[in-house]
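Student: Now for the letters of each chain:
2 protein chains.
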Amino acid sequence: MSEYRFLPHIRDPSAIKAFSHDELAELAQEMRHAICGQVAKSGGHLAPNLGVVELTIALHRVFDFSHDRLLFDVGHQCYPHKLLTGRFDMLPRLRQSEGMAGFPEPRESEYDLFSVGHAGTGISTAVGMARGDQLNGETDRNVVALVGDSSIVNGLAMEGLNNAGTLKRQFLVVLNDNGMSIGKPQGALAGYFDKIRISERYDSLKQRAHEVLKKLPAGQYMEELYHRFGEMTKAALAHQHLFEHFGLLCIGPIDGHDLPSLIEMLEEVKKIDHPVLLHVKTVKGKGFDFSSDDPTTFHSPKPFRREGCRVELKSGGRSFTAAYADAMADVMNRDDKVIAVTAGMPDGTGVADLIKKFPERALDVGIAEEHAVDMCAGMAKTGLKPFVTIYSTFLQRAVDQCFQEVALQGLPVRFCMDRAGLVGGDGAVHHGFMDVAMLRSLPGMTLMAAMDEANLVAALEFMRTHDAGPSALRYPRDEVPEPAPADEVAPFELGRATLLAEGADAAILAYGFPANHALVAREQLKTRGYSVAVYDARFAKPVDLELIRELVATGIPILTVEDHHENGGFGTCVIEACNEHGLPTQAIHRLGLPDKWIYQGGRGEQQRLAGIDAGGIARKLTEVLEAPARATATPIGDRARPTPALNRKLGA
Amino acid sequence: MSEYRFLPHIRDPSAIKAFSHDELAELAQEMRHAICGQVAKSGGHLAPNLGVVELTIALHRVFDFSHDRLLFDVGHQCYPHKLLTGRFDMLPRLRQSEGMAGFPEPRESEYDLFSVGHAGTGISTAVGMARGDQLNGETDRNVVALVGDSSIVNGLAMEGLNNAGTLKRQFLVVLNDNGMSIGKPQGALAGYFDKIRISERYDSLKQRAHEVLKKLPAGQYMEELYHRFGEMTKAALAHQHLFEHFGLLCIGPIDGHDLPSLIEMLEEVKKIDHPVLLHVKTVKGKGFDFSSDDPTTFHSPKPFRREGCRVELKSGGRSFTAAYADAMADVMNRDDKVIAVTAGMPDGTGVADLIKKFPERALDVGIAEEHAVDMCAGMAKTGLKPFVTIYSTFLQRAVDQCFQEVALQGLPVRFCMDRAGLVGGDGAVHHGFMDVAMLRSLPGMTLMAAMDEANLVAALEFMRTHDAGPSALRYPRDEVPEPAPADEVAPFELGRATLLAEGADAAILAYGFPANHALVAREQLKTRGYSVAVYDARFAKPVDLELIRELVATGIPILTVEDHHENGGFGTCVIEACNEHGLPTQAIHRLGLPDKWIYQGGRGEQQRLAGIDAGGIARKLTEVLEAPARATATPIGDRARPTPALNRKLGA
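If you read the sequences in order, they're chains A and B. Residues in the first sequence are numbered from 1 upward in steps of one, following this note's numbering. Residues in the second sequence are numbered from 653 upward in steps of one, following this note's numbering.
It is worth saying that the hints were derived from the structure and are not from the lab. One thing to keep in mind: the hints can contain errors.
Claimed, not checked - Below, in silico cross-link-like pairs of lysine-lysine (DSS-like), each with a Cα-Cα straight-line distance of 25 Å or less:
1. B/Lys-933 - A/Lys-168
2. B/Lys-1008 - A/Lys-168
3. A/Lys-234 - A/Lys-214
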């Protein structure tokens, strides 16, 4: 700890109120080093945090967020904020269980108002708190939303701005414009931001300030206010700024790394009792050449090693994302009707590779999941085969589009849901825990999961030719199992599971990835003398009714396993099918994510916690096999081997 | 039919290509009379359609939508389009089964590309089709999206515009600006539209056209194009238009009822191979004083009678919406922390009444469901008790917000889901068929339904004091049952069902409104000699496990009934609970909406079709009671009367 002069002693932001500018600058350096050092060790969000160090210091210097409101958008830029709010000690366990969450987390500190990780929410929650404070008579609380330039053009943020413009009180949106999304920013507005970065110099605008104010919805009032503006505010009024149309007084752009100016400007705008947008230019990855030169790679890197000027990212195994990118490239090579679309996550989804290989047929629309899905619906209507790749958790943004513009039209849009299931360090804000539940009520929807690379390849090929309606494939934020159980597996057939291993005492019906754990559990159970069949269900809608019927008929215990909420997930599909067809369900036991939040930690650790890892599966099945017969249980029939009756190819 | 000179003879839009301006004007009159006459008889969307008669004629005159693409946003303004595309014969069965849908419907005509009813989708699907046509090499297809001024500020539409601005081809957004949403438009941008309606005169803009074009992202190119612009386009270029920032060439506003000018302008802009926004001013309800003077009342009226100047709306029974408005007013009177919020549906949700009574504590944020939910999350964070009232189908827009900003934070936002279940004439685009499925995976969420006014009142009171987390209440687009079964019912207790009528041979466990049908079915079954108990489940999450356990123990058939999809609905909650607690499920039978689309028609008819009306319930239970015992069924236990064991107050 001795390497830091200030950081270990900051218990709350009041500590920096009396710092000199030189001390603040030194503090900024310490924060950058602490963050970079930790992310190098554990991985985490780097470049976004390096970019907002001065901005965060200035905000805490000027406002008192023990009383004022600070709302983060996305939230992966909260590390400096956490360091200033007494959490330096937690940094060494960044993104680990019982450690510091990688996103704002109210369970950690009252300075964190919302645990967030999705984009575009900050302005709306800030509007809610602004209105709430006002209705509660607490009008002395200032409200600040910190939003990035890619988030602010998300539909939700735009809706929030439109409503914010009607507020009649202090309300500050700080636009952290680093000219970067997680990837390159998309859409026409990105070009607009570029333009004002280059052409609008605030020195020349001062004389036009009166004119600007007249044009605002609250023109007369603002003109009166003008005389109370500080000189910096007057000078920095931005004429013809996009968000002026939304009723906000727009100021900037100003330099987001010039701490004294930031502080002075924030002191001035704090006093304006009208919605204000302060446009701040920052450099993503600021402070280290390697990160500012390549902010995409260092947006959220894995652990890395720095030696002098060389930075080396530690390489992990082959991810499902990488496997997906390769498989899709193959699909796109073979079928020129296939289109690949992502919504602001080109690197995270692997679509970046496809954009390089197929610039005409692969695109990123920015953080706009609703638009991405609807655009794909339009493309499908013209006969193309769009594959839209969105993290499971972000597809929650487009449920209504999946319903109306896709499923109701019967359009074969293909949904590839990366990071389905538990996601590890990102925690509760990013788990893909409800995709089955939210999509399975849609008539005509086909739901699938891929347990490994070979199945991912087979599933994508199935989707390519499945034109009867929409289909959705889930796969986890994980490495594909190595060595691969099989280079090639039997083709996906609608609603057919696949047998992975035979057994006579119980059957595990796993949905996608957990089938790998089930195979390990099977070995563990073998040592206890049990012979367990393992199936990869592959489909949650429709389920393999024939298989279920046969398994139920044997009377042996059946365990469904999934990396999805137990409410409305794959296991539910199975018991629903049984119920619908008059089959008893008592031999069926369901394992899935519990009805409670699972916070950041290792993905393996989270699976253990939920009991869906190999150990959990073996434990559960042992309990079932060794429990006294249920009082009302269906009598167990002949212990027939369930598998020979099934004419299925072995997946392995 | 003889009253119309043109309408009966228009088989497709080519019919009007050779019409003189006078003939087109006469056609417009005929269309207005036909639409008004039909809506007076059957109800339907009136004012929105009257407003776009000339605009629709002009679009079909200039474009060939058998080849070009016309995408509607919301779509309730499609009647003139339907009359011009050969569907005059279907008009007498407007919004009825086998008749003309009230929204665009591809099953009716190839001129309808998407069946829509939700706002903000048109630009995104149009972008998709524009990109699709281009990739397919069909570059001669023009693409037009018709969007209203309240829809275009919806988040999805903004995302679509941002992406549209990057297109390098013809792409026309027609902004139908009638200064009206379904209710009054909300948000700062509404004020912006007002301003440009008043202050921007295109005569004065012509000389600035070059300057405008230079500022566009494609400035140089557009300047070159300028010489090919028609005079009208040059004159009508709108400088500093909001959507110019999105990369669109903005033209207008122009008069949307001046047919010759509309046609001339569309002919000109059709040739521009760059994204264009044509801002058209229309008068909602145009053509009849009663509708243009009160476009909110006549947005989508029930049948009405016109006698000379007097227009009288036929009054129906008391709606759940009216009951809700009264109950909420009472809640708000008693508890000043309660806030009422709606997203663009003040009249449809009854919140309009609350805004009148509590202007400080009730508000409409416009068609922005995502923002509405997040704003409420912010309010809840300040200690207020926000009730956000959104149609079940529109809450699909805010699933992600229900997850992250509400449920994950444990915030007690109250969701009031009007029009849950089948909705009648609006058809498939508006059924609230998946609210349980999409919300039940959220930890801490409480899900409820109200069967009648007394239960609605009791449920709202429960929600008022339920601060432990979010809660959601569903109630249908229907009249409250009269005479009321009870003025007052037992208070809602978390997870407790209520007994409505005793019985010994079977039990019906209905979720909310269908409990009314169950009571009728019970009488029908009585005539067949069966004694059936009826419960209103009230809660889907958590379900009444104690009751379920007791019912299952009796061994009698149990029928769950709900006005929700069978996949993942209330019945599923029941069998999941059984499965989790080792109870057999074979005595449980589920009735709900089938896994297929149900199109427009009477709500009663739709309930019959789905088999969830009294007749369907009685039929299903008769089948169950009279079926030979299932081969593998759990042995039926003693035919004990299930109800006396339960210490529940009678709801009636």
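Student: Hint by hint, note whether the structure agrees.
Tutor: Evaluated hints:
no. : hint                   : in the structure
1   : B/Lys-933 - A/Lys-168  : 29 Å, violated
2   : B/Lys-1008 - A/Lys-168 : 20 Å, holds
3   : A/Lys-234 - A/Lys-214  : 14 Å, holds
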